[in-house]
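S.K.: Top line first, the protein sequences correspond to chains A and B. Be aware that the first sequence starts at 659, since it is given in the working numbering, and climbs by one per residue. Be aware that the second sequence starts at 1488, since it is given in the working numbering, and climbs by one per residue.
Do not take every clue at face value.
[To be verified] Capping the alpha-carbon separation at 25 Å, the derived lysine-lysine pairs in DSS-like fashion look like this:
1. B:K1737 with B:K1751
2. B:K1670 with A:K788
3. B:K1749 with B:K1737
4. B:K1715 with B:K1670
5. A:K788 with B:K1634
6. B:K1715 with B:K1749
[Claimed, not checked] Quick partial rundown of chain B residues pointing at chain A, CB under 10 Å, derived from the structure:
7. Y1551
8. R1632
9. L1666
[What the hints assert, rightly or not] Residues from chain A that keep clear of chain B, each with C-beta distances beyond 10 Å, as calculated:
10. D737
11. R749
12. L798
13. N801
Source of the hints: derived by calculation from the structure; they are not laboratory data. Remember, it's a predicted structure, so these values are computed and weren't measured experimentally. Beta carbons are placed, not taken as given, at the ideal position from N, Cα and C, and that holds for glycine.
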Amino acid sequence: MLSEERTLFHDPQLCSACGFCAIVCAYRHYGTLDPDRGRIHPLLSLELPDLVAVSYCSHCKYAFCEAACPSDPKAIYRDPATGAVCIDPIRCIGCRSCVYACPVSAPRYIPELHVSHKCDLCGGDPLCVKCCPTGALQYLPRNEIRRLVEAS
Amino acid sequence: MVETRERVSVAAKAGVFWGCYIPALQPFAEAAFRLILDDLGLSLSDVRGIACCPSPFMFKILDYEYWLETARANLDAIASDFRAIVTLCNGCWDSLLHARDLVENPPEVLHIAEFLIGLRNALLKRIQTPLQNLRVAVHVGCKPRSKPSLVDAIHELTALTGARIVNWRTAKICCGYPLFLAKPDEALETRVRVKVEDVQQVGADAIVVVCPACFMLLERGQLVLRRKGLRQTTPVLHLVELLALALGHKGQEIGLDAHAIKPKALLESIG
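If we strip away everything but chain A, and leave its shape as in the complex, we get (with noise of 0.2 Å):
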């Protein structure tokens, strides 16, 4: 079940945009500290402060970078284990679609490697969540992260 299935919830109002997840997230699938290597994108906007936004997926039931990838077969694909939406870098063309099609640009492209690349939660054990450290990254399910966005 969809409502089961656990996945990313980035809280504003506890984030101090230390872009610790962006950091470890690169060192796990690249082996860099480059920031913009990893998955999950922290902005911080000087205009407001108190609200920094993360850009990161949220691996939708019904996935735009999905349905555009036009590559055959298709190079993003669900992990059956996690629900997460996965980007297959062997078989993905590096055009870009997924990218534009994303609401919040999650998947982003790699020039050096000409493909695109996206969150793919870890396996089931997301580092960033493990390695924030305000708690402001969580892993929950997504009813959960439904009743918190409502209630907020």
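Model the placement of chain B on the given structure of chain A, informed by the hints.
M.R.: Chain B in isolation, oriented as in the chain A frame:
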């Protein structure tokens, strides 16, 4: 002297985990805490025979399991001698706190503000130099934000000194320490410069922190930024230094003259 029951429950079974930065780079924070303990008539033993906490930022990146296992080993060693452990560092507090679930009969892991807030009445009685002329910006750091009561304790202890706490827009923004590991220039420009200029705009005399990593970035970062157009610098104080000043200790006694940004004007305003 602190009430007998309070002294026994706190001092006899508690130790101090100094961490790495404070003994090596910020001995004034250690001096200030020792002065506070002396004033309260408390004696806490130093924890010995332990490794680095280890640093939750660098070690979590490299190997999360290694970070947790080292923290567990530290807490295991501490558990044989102490019922509670006090840390002056957000990072040490975070590492040891995470390891509590992995240790049998773990000691209580107390952030310095959690420890001192339990002694608020004793501290209040001993305030000799209320710092009412001082306007301070409190930066609690990232990790205490996960525990609202700790954030409140940090503010309450700051207010207890008599200093006026200013509101500033970027109070919740990180000091830049984790980003500094990856992109030092970006961390200095988009975190340290932004925060320091904000503090200066609201007219604060000092930034008060509870973490040596925040202290290092916000203080040393200003020295680098001064070469890149930062017009003025603002002193950074550890919470225990502020408390020691309010308890009547002189700057030289604490070691404030060893700060990279000398809080000269601040000391003159205290008198």
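S.K.: Which numbered hints are broken by the structure, listed smallest first?
M.R.: Of the numbered hints given earlier, the structure breaks none, since each of them holds.
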